[in-house]
Amino acid sequence: GALVYQYPRRTICKSGTSMRMECQAVGFQATSVAWYRQSPQKTFELIALSTVNSAIKYEQNFTQEKFPISHPNLSFSSMTVLNAYLEDRGLYLCGARDRGNSDYTFGSGTRLLVI
Amino acid sequence: GDSVTQTEGQVTVSESKSLIINCTYSATSIAYPNLFWYVRYPGEGLQLLLKVITAGQKGSSRGFEATYNKETTSFHLQKASVQESDSAVYYCALSGSNTGYQNFYFGKGTSLTVIP
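Line by line, the protein sequences give chains V and P. First residue of the first sequence: 1, per the numbering used here; consecutive thereafter. First residue of the second sequence: 116, per the numbering used here; consecutive thereafter.
Misleading hints may appear alongside valid ones.
Mimicking EDC-like on lysine to aspartate or glutamate, the simulated pairs with C-alpha atoms at most 16 Å apart in a straight line are [stated by the list, open to error]:
1) P:K132 with P:E186
2) P:K173 with P:E186
3) P:K223 with V:E45
4) V:K66 with V:D88
5) V:K57 with V:E45
6) P:K166 with V:E45
7) V:K42 with V:D88
8) V:K42 with P:E123
Source of the hints: derived by calculation from the structure; they are not laboratory data.
The following block holds chain V by itself, in its conformation from the complex (with noise of 0.2 Å):
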C-alpha cells in the first residue's frame, strides 16, 4: 500500500537555528507533496504545494526563505525552517499525492519544538 515516512518523527532545535525534515513516499509516486503546520491550538495551515515539474507554490504567510522545499524525485521531499524561533513550534505534516489520484498519503508528522 501507499505509505508516507516522516522523520525524525520529533525534533528540539536552539532558537535562531535551522531544521531539516523529510518526507519519504513507499508504494506511489509522489507526484505532489504537500507540507503543513499544526501550531498549538490550531488546524493544519497549508505551507506550501510542490509539485514535479512546476515551481512551487507557498500560501500566504510562508516563504521560500523561511521554508525552503526539496522535492528532487517521485519519492523524497525535504523541507527546511530556516532561524527557527518560537512561533515555528508545532508539527509538521507531509502530505503526498500520485498524479492520477486525488488522495493525499500522510504521514505521522515532524513535531518541532524550539527552546
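Knowing the structure of chain V, use the given hints to seat chain P on it.
Quick look at chain P alone, frame taken from chain V:
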C-alpha cells in the same frame, strides 16, 4: 476563499450514544470539491476515514457516515452508536484543483472523547 469550518474543540459522548460533528465548507475557487474526513488516534498519523467526491453521495466507514450536501455546503460526520475506541481527533477536509494545483485544506479538528 477555500476553507473548512467544523465543530471546534472537544466533544464528549457516552458510549453507545449517537454522534454528529458538523462540517461546512467554502469552495470559491474550486470547481469540483472533494470532501474528506480524517482521523488521528493518539500517537498515530492522519488516517483517511471516508471521502466523497460527488455531491449528493454518502460515504461510510467503520460505522461513520457523511453526506456531501452541495446546497448547504455541509459534510457532517455521524455515527449512530460510538465506542470508546472512537476517541480521537477528527478533521474535515476539502480538496480540489485550483490553477493546476491540487490543494487540500483542513478544518481545525474536533477532539472526541467517548466515555464508558
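Here is how each hint holds up against the structure:
no.	hint	verdict
1	P:K132 with P:E186	28 Å, violated
2	P:K173 with P:E186	14 Å, holds
3	P:K223 with V:E45	9 Å, holds
4	V:K66 with V:D88	10 Å, holds
5	V:K57 with V:E45	14 Å, holds
6	P:K166 with V:E45	20 Å, violated
7	V:K42 with V:D88	12 Å, holds
8	V:K42 with P:E123	10 Å, holds
Going through the hint list in order, the structure does not satisfy hints 1, 6.
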